[in-house]
Amino acid sequence: MEPIYSFKPLAAILVSLIAAPFIFGSRSPNVREGWTFLAALIKFALVGSMLPAVLAGQEFSYTLARVLPGLSLTLRVDAFGMLFALVSSSLWIVTSAYSIGYMRGLDEHAQNRYFTCFAISLSATLGVAFAGNLLTLYLFYEMLSLATYPLVAHHQDREARTSGRKYLLYTVGASIGLVLPAMLMVYHLTGDLAFAPQGVLAGHATRTTVAVLLFMFVFGFAKAAVMPLHSWLPAAMVAPTPVSALLHAVAVVKVGVFSIFRTLSGIFGTDLLADLNLGVWVTAVASVTILTGSLIALSQDNLKRRLAFSTIAQLSYIVLGVGLLSAKGLTGGMIHIAMHAFGKITLFFCAGAIFVATGKKNISEMTGLGRRMPITMGAFFIGALSVIGLPPTGGFLSKWYLALGSLEANQWPILVVLLTSSLLNAFYFLPVVYKAFFCTEQESLFTGPRKEPPRWCLVPPVITAVCSVVLFFYPQPFLKLARMAAAALGG
Amino acid sequence: MTAHYSALLIVVPLVVAFMVTIAGWIDKRWCFPLSAAALLATFLASVGVLAEVQQNGVVEYFMAGWEPPVGINLRVDHLNGIVLVAIAAVALLNLLGTRPIVEKTYADRLGAFYTLYILLVTGLLGITATGDAFNLYVLIEIAALTGYALIGMGPGRASLSSLNYLFMGTVGASLYLLGVGYLYLATGTLNMVDLAARLPEIYDSRLVLSAFILCLAGLCLKMGFFPLHAWLPNAYAHAPSPVSSLVAPLVTKVMIYVMVRVMLTVFTPVFAFERLQLGGSMVWLAVIAIVAGSFLALSTRRLKRMLTFIIVAEVGYMVGGFWLGNRAGISGAILHIVNDAAMTFCVFLAAAAIQQRNEGETIDDLQGLFAKMPVTMAVFVVGGLSIIGVPPTCGFFSKWYLISGGLAAGHYGFVAALLFSSLINLVLFFRIFEIAFFEPFTDHHGGHGHGGEGVHGVAIEEAPLQMLVVMVTAAVMLFALGLYAGDIVEGFVTHVIPAGIL
Numbered sequence: 001m002e003p004i005y006s007f008k009p010l011a012a013i014l015v016s017l018i019a020a021p022f023i024f025g026s027r028s029p030n031v032r033e034g035w036t037f038l039a040a041l042i043k044f045a046l047v048g049s050m051l052p053a054v055l056a057g058q059e060f061s062y063t064l065a066r067v068l069p070g071l072s073l074t075l076r077v078d079a080f081g082m083l084f085a086l087v088s089s090s091l092w093i094v095t096s097a098y099s100i101g102y103m104r105g106l107d108e109h110a111q112n113r114y115f116t117c118f119a120i121s122l123s124a125t126l127g128v129a130f131a132g133n134l135l136t137l138y139l140f141y142e143m144l145s146l147a148t149y150p151l152v153a154h155h156q157d158r159e160a161r162t163s164g165r166k167y168l169l170y171t172v173g174a175s176i177g178l179v180l181p182a183m184l185m186v187y188h189l190t191g192d193l194a195f196a197p198q199g200v201l202a203g204h205a206t207r208t209t210v211a212v213l214l215f216m217f218v219f220g221f222a223k224a225a226v227m228p229l230h231s232w233l234p235a236a237m238v239a240p241t242p243v244s245a246l247l248h249a250v251a252v253v254k255v256g257v258f259s260i261f262r263t264l265s266g267i268f269g270t271d272l273l274a275d276l277n278l279g280v281w282v283t284a285v286a287s288v289t290i291l292t293g294s295l296i297a298l299s300q301d302n303l304k305r306r307l308a309f310s311t312i313a314q315l316s317y318i319v320l321g322v323g324l325l326s327a328k329g330l331t332g333g334m335i336h337i338a339m340h341a342f343g344k345i346t347l348f349f350c351a352g353a354i355f356v357a358t359g360k361k362n363i364s365e366m367t368g369l370g371r372r373m374p375i376t377m378g379a380f381f382i383g384a385l386s387v388i389g390l391p392p393t394g395g396f397l398s399k400w401y402l403a404l405g406s407l408e409a410n411q412w413p414i415l416v417v418l419l420t421s422s423l424l425n426a427f428y429f430l431p432v433v434y435k436a437f438f439c440t441e442q443e444s445l446f447t448g449p450r451k452e453p454p455r456w457c458l459v460p461p462v463i464t465a466v467c468s469v470v471l472f473f474y475p476q477p478f479l480k481l482a483r484m485a486a487a488a489l490g491g
Numbered sequence: 001m002t003a004h005y006s007a008l009l010i011v012v013p014l015v016v017a018f019m020v021t022i023a024g025w026i027d028k029r030w031c032f033p034l035s036a037a038a039l040l041a042t043f044l045a046s047v048g049v050l051a052e053v054q055q056n057g058v059v060e061y062f063m064a065g066w067e068p069p070v071g072i073n074l075r076v077d078h079l080n081g082i083v084l085v086a087i088a089a090v091a092l093l094n095l096l097g098t099r100p101i102v103e104k105t106y107a108d109r110l111g112a113f114y115t116l117y118i119l120l121v122t123g124l125l126g127i128t129a130t131g132d133a134f135n136l137y138v139l140i141e142i143a144a145l146t147g148y149a150l151i152g153m154g155p156g157r158a159s160l161s162s163l164n165y166l167f168m169g170t171v172g173a174s175l176y177l178l179g180v181g182y183l184y185l186a187t188g189t190l191n192m193v194d195l196a197a198r199l200p201e202i203y204d205s206r207l208v209l210s211a212f213i214l215c216l217a218g219l220c221l222k223m224g225f226f227p228l229h230a231w232l233p234n235a236y237a238h239a240p241s242p243v244s245s246l247v248a249p250l251v252t253k254v255m256i257y258v259m260v261r262v263m264l265t266v267f268t269p270v271f272a273f274e275r276l277q278l279g280g281s282m283v284w285l286a287v288i289a290i291v292a293g294s295f296l297a298l299s300t301r302r303l304k305r306m307l308t309f310i311i312v313a314e315v316g317y318m319v320g321g322f323w324l325g326n327r328a329g330i331s332g333a334i335l336h337i338v339n340d341a342a343m344t345f346c347v348f349l350a351a352a353a354i355q356q357r358n359e360g361e362t363i364d365d366l367q368g369l370f371a372k373m374p375v376t377m378a379v380f381v382v383g384g385l386s387i388i389g390v391p392p393t394c395g396f397f398s399k400w401y402l403i404s405g406g407l408a409a410g411h412y413g414f415v416a417a418l419l420f421s422s423l424i425n426l427v428l429f430f431r432i433f434e435i436a437f438f439e440p441f442t443d444h445h446g447g448h449g450h451g452g453e454g455v456h457g458v459a460i461e462e463a464p465l466q467m468l469v470v471m472v473t474a475a476v477m478l479f480a481l482g483l484y485a486g487d488i489v490e491g492f493v494t495h496v497i498p499a500g501i502l
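Protein chains in written order, with the numbering used here: chain Z, 1 to 491; chain D, 1 to 502.
One or more hints might be untrue.
Claimed, not checked - Derived list of chain D stretches under chain Z, where covered just means 3 residues or more per stretch with a C-beta under 8 Å from a C-beta of chain Z:
| id | stretch |
| --- | --- |
| 1 | 239-252 |
| 2 | 281-287 |
| 3 | 381-393 |
To be verified - In silico negatives: residues of chain Z with every beta carbon more than 10 Å from chain D:
| id | residue |
| --- | --- |
| 4 | Gly57 |
| 5 | Ile93 |
| 6 | Tyr138 |
| 7 | Glu142 |
| 8 | Leu180 |
| 9 | Pro181 |
| 10 | Tyr187 |
| 11 | Arg207 |
| 12 | Thr447 |
| 13 | Trp456 |
| 14 | Val469 |
| 15 | Tyr474 |
| 16 | Pro477 |
In short, the hints are calculated from the structure, not lab data.
All C-beta atoms in this analysis are idealised placements derived from N, C-alpha and C, irrespective of residue type, glycine included.
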């Protein structure tokens, strides 16, 4: 079917970019947040308006500019891009609400800059989701790195500065040092960078070349935090918590895995990787990251750092999904983008809510917290269940598909990795919840009446927690989109 | 009228230059409007010539109707057409943008300053438009002499740097002149097209080889190709800021144009690439230039000096790209002549604005500048991103071609050098952004107690409006040049490259 040539994808990207100067120039907090909400709602509406057609098998496309002979900046909305765009644009609305509670609650400085950079980041995220070729994807990928740098460095103290440096060096350094040459190499070999269902590289390169390019992409998209290029992510936790929640659990890191996913499926092609037997290497790299990440998470006392290492591990599930090269594995990887997003953002929201209400950052200081903040800790529990992959939460579905995918691909060691990882996840999450609720009066560090955080900080995690549960019973449209995308890839 | 566009390019500023001198004696207020009018006319003429080239191909103009070999001709094709527009645009914008600084610093010498300025631009335009190898030397000297004078007008060590530049520049120009002399001995003509026609018969002669080496060596010196760059950092860094934002973007780029012109038109690619097999070693020299330029830039904490070392590296980009000898590499080099002029102009103008407000000249003096000069810093960021090579700024696209050229030629050293230099540029610019953004450190942790906006309560102290408008225009140009890179390459650059080159 011919794609529909439409301005909508570009409009969806531009909305928040256009809002950015208004947000930056706002004189009062209410006006600023009004602009943010307006942009977020319009963006979501634009993305949503394309959903029915995409579900019906249609695609949208738009060409921005022909920047090189034979190579354009092109947007293309397909099922996978739609899935990612839906997740990030819907969660932006929730996060904006949460940001208001968090930033006002802590009386943070430079809030105009903060909301502006947030808006630009969301433009870049949708740009990656809708990129029709590798060059366009690269453009928005770089834009995202630069727009999030001021957010990571928000506090402007020594620690923020060091983290900002690390963040840039890892994400931009790897993209210039690895992705850029790899992309040029692909262009040199094939003369094309468009994402095609079975890739463009087949028949153009030897096995060694393909393998080298593969690793340049997998590690070069360092936002995916595949080890050993992962350590920017725990460092970036110095940012305000809404940033950690939306960007470092959803938008930025998922842009990393999304880019890997797109490149591996759209440039290399699953058939080529299967023929050359290279998927195994991808799964091996991902497995190492999954297990190591989970093990390190066990030892972290700072809640946000524990969540960060958990994210590192969970991101590699998605990389694992594409490495399996089977339909179920691909589906699992793709819906994990959505399921993990809802689960992990809940956890971060809760971590931030705890910080706003009590000023505590460390897990060891949270014993008995369930008595003081039962709703927050309840949401935390659901988020934890989703990340562990237990029913009745959405996280179960993605792990289920990944497990099926590993059986389909005849790789039972992967199944072992998945189960071990789930156990580890339970080990590092459940004690937090358990100690918060079940402890003796003497052990409890919190006394007094129930005191939940401000409403703006409390409602968002509840919403996302409820979503995590709902997604278990009704995983549409994400599952349908993922299945369509997997079918299109013919894995 | 249209037939005379190419002549107007040179004649208008030349005549106006003398009018400016006279205006300087009578009423200084006339100096700037006259200069601006002349450069605006020049810019329009350059666009006119380019449009004509686009329509009818090569435009040739015989001065006073004398045909070669007796007379001097101007010859504009797709290659120098775009370079002419770039020169005229940068010269005009810089004139408009730096007016507040010039009128403050040189209030008593406005006539002299603007006369030299216009003459320098005339020289550069002439170098680019001429079709005569000897005439080119004369114009190089005009541009150089006015350049020495302008640079010498700076404070402190400027006159010493200018003297050093004078020595080195004279050596370079003399080498080129010697080469042209040999060519004249060998062929009996100075017209570039005639030279190209007569040379192939005597490619084997030692005279031609010596001429080639002398010309190339002279041009390398003039363009500041490492290790012949020693004059460049001091001259450009110590020059008055309105001058450095003119010469830094243009002079080296014009010299690279001359190299491309001499190699492609006079000696032809057959001789330069195939007979001499010089490509490989020149590209390796370029690799050294890129790496050395990057390290030198890293080693200094003075803002303008750092930018000049980036130019040394960029010269390596263009020389290397050209000597790869394939279509992508040469396209990249030519595209980069225009793009680098634009982005160097952008950062140097921002640096001029910064320096005008700040007394210090090291990057440590830039503390709190994002709050103090937000627009200037935004422009500086855009320029920096372009130099790093972030899409969709133009720097990315010329780098794209250069790297493609390296891959096509299998010259992985060049590819690695370009990537390395991009990473170093990332460090260089973010080092500055960091200082301007973070310092002075806030006295709190965790972000509490900062309710208000207007970080640190620093008052905004922007550059004059006129400067800001020009800077923003330059920054927008970087995006425009990037988004239209495909059209520029297809519309102009591809016509330049001889069919024999793949």
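So, going through the hints one by one against the coordinates:
no.	hint	in the structure
1	239-252	violated (count 0)
2	281-287	violated (count 0)
3	381-393	holds (count 6)
4	Gly57	holds (32 Å)
5	Ile93	holds (24 Å)
6	Tyr138	violated (7 Å)
7	Glu142	violated (5 Å)
8	Leu180	violated (7 Å)
9	Pro181	violated (6 Å)
10	Tyr187	violated (7 Å)
11	Arg207	holds (19 Å)
12	Thr447	holds (25 Å)
13	Trp456	holds (17 Å)
14	Val469	holds (33 Å)
15	Tyr474	holds (39 Å)
16	Pro477	holds (32 Å)
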